[in-house]
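Can you build the whole structure from these sequences, using the hints too?
If you want the building blocks of each chain, they are given just below.
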Amino acid sequence: MSRVAVAAAGGRPLAVRLPSSPWLLVLPFLAVLAVFYVVPIGQVLWLSFSDPTLGFGNYARLASSESLQRVLLTTFRVCATTTFFAITLGYLIAYVMIHAGPTHRLWITGFVLVPFWISLLVRAFAWLTLLRSEGIINNALIGLGVIDQPLPLVYNEFAVVIGMVHYMVPYAVLPLYANMKGIDPRLADASRSLGAGAGRTFLSVTLPLSMPGIVAAGLLVFILTLGFFVTPAILGGGKVVMIAEYVSVQVLKTVRWGVGTMMASVLLATVVFLLIAMAKVVDVRQMFGAK
Amino acid sequence: MSASRFAADLVEMGIERLAKGEIDRRSFLGALAAIGFAPAVMSSSKAMAEAKEIVVVNFGGDAVPTWGKAWGEPFTKDTGIKVSIIGGEPTAGAIKAMEESGKIIWDLTDGDAYYLPILSKQDLIQKYDYSIVDKNKVRPEFVYEYGLATYFYSTVNGYNLDKTGGKVPNGYKDYLNFKDFPGKRAMYKWLVGSLEAVLLGSGVEPDKLYPLDVEKAFSIIKEHKDQFVLWGGGAASQQLFRDGEVVMGSIWSTRASVLDRESKGKISWSWDQGIIAPGVWPVLKGNPAGAEVWKFIASTQIPERQVELLKLLGNGPANPAADKLMTPELEKINCAFEANFKRQIPVGTAWYAENYDTVQNDFLDLFAG
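Same order as they appear, the protein sequences are chains A and B. Straight run, no breaks: the first sequence in the UniProt record's numbering ends on number 291. Straight run, no breaks: the second sequence in the UniProt record's numbering ends on number 369.
Just so you know, these hints were derived from the structure itself, not from any lab. Hints are supplied without guarantee of correctness; some may be wrong.
Each computed DSBU-like pair below joins lysine-lysine, with the alpha-carbon atoms no more than 35 Å apart [to be verified]:
1) Lys311/B x Lys52/B
2) Lys167/B x Lys266/B
3) Lys253/A x Lys332/B
4) Lys103/B x Lys253/A
Below, the structure is given as structure tokens:
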């Protein structure tokens, strides 16, 4: 576009070539990103090195403080568990959706999407109602005589994982479904016609072909869960502290901005590292449908 | 160039209108933002200092309309100065963020007394003008350089008679008495009153409570960790008692009195060993309303206005003179009423100012570990 315009104005094509036009088109967007995204993140990074004193003090704390390590460990453990269950459930749902009839599929899509639109806060409190010691589940079990003491279903990691899996399943289903839709069904048919049973066909044909979808969905779910704040705070009852809550305490309550921004920077670095590492293994652009 | 002059002219007009009281500060600031003008430049100008509005930020909920009714409206009637009560999260971090951005639109905020040393050390708040605000209208131990008690609240031991089998616990003395009172205990996630409850429960005498023996408190908590249920805000604490999740435990007296009324006394509280704490108002450095803010603070010391707040919200009046205006119902819920006050323990403000950041983080860690 720009080259054409320049050529028309000058009467003849210019010898100097401007940056190719697609770049010019995204330039305003890049400028906006720089101002509203790169600069603030840069400030956060800078704070992590400069508050309260200049240097690596806040990062050194990471090596020496057991509690900081525990927060990181809890975050990674909870996120990994959540990712595992969300992907497993999501895979089952996506698999059924692929093989269901159109009406059936529409219903399933509805059941996946409706909770997707309900506020995180509402869902966390809904789980609280179900899981607390005089909640619906415990009361029902006690009423049926299955147990005589309420089960500790809430204010622990178990409840946090349940709440987070519930929230993340749609994020797993959608990329998995998109991926599975791209697998040629004739391949499975071919496998069957060559004598493989249903299980063998799934293990040697369908599962390997859906691997990029699993990796993509897993990465998406894991990265999103890293930043969870409300669910662990409510369902964990103070007993499951993840990075986001820890950062918020440092920034708002104890006013240790250096430590808070350091932890936020660690989170950011983890996400960037995961994306780079993943790019080495699979084609990230293809995974997210950019190619 | 001409565009920025035009903007500057708009600002000038805005300042004039603001000074005349034709527009309020929030609309003015909104207009500034709309024309892309940094309000930081304006905050120190003379016109802003004469602005006829005082912006007060508290933690939201019922405190927004009730503070307006008890304190804001009568002040506006006396002086013509508008008082805007805004609900938010005026934590120490939020105050620091506002000061660092240079865009100061709050005049004063609600806070705990231990905020004052934390904030003044970082040069974020102003010394009180005690020629206008009257020190003598508050118990002397609650007067500080950067603020004084505006109202009181108390973290008391609440209990659910349905769950204790009708037995009333003896303040926090029975907090750890799991033999006579089996079941879970409520505990405040943000520390104030939490270690105190455990230490008093283990037999520490009230006058030996501060400085808090953190190590001892932590080891007790560790031992009974599964017995404690943490709450982070007033509504959550109320819910824990209402749901029967806890047998007893810390809760603000304001919330406990609501439960008492609603449950017809089944869920109630004891003043004994309650941790009574002042609500204070840090005034931000470079606050837009300038010196007018002291007159407003002084006006909140009028006993009638403090009693009005007690009626509406359950906060204890900071001015002991309010005791003369009590009815029996108000006496019952007023944590600052002399007879109730004597049964409680004043919070260790100096200890919290010194230790809050580290101990709060260790406390978080203790439960997370």
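Hint check results:
1. Lys311/B x Lys52/B: Within the cut-off at roughly 28 Å; holds.
2. Lys167/B x Lys266/B: holds (11 Å)
3. Lys253/A x Lys332/B: Holds, because 32 Å separates the two Cα atoms, which is no more than 35 Å.
4. Lys103/B x Lys253/A: holds (21 Å)
In summary, this structure violates none of the numbered hints.
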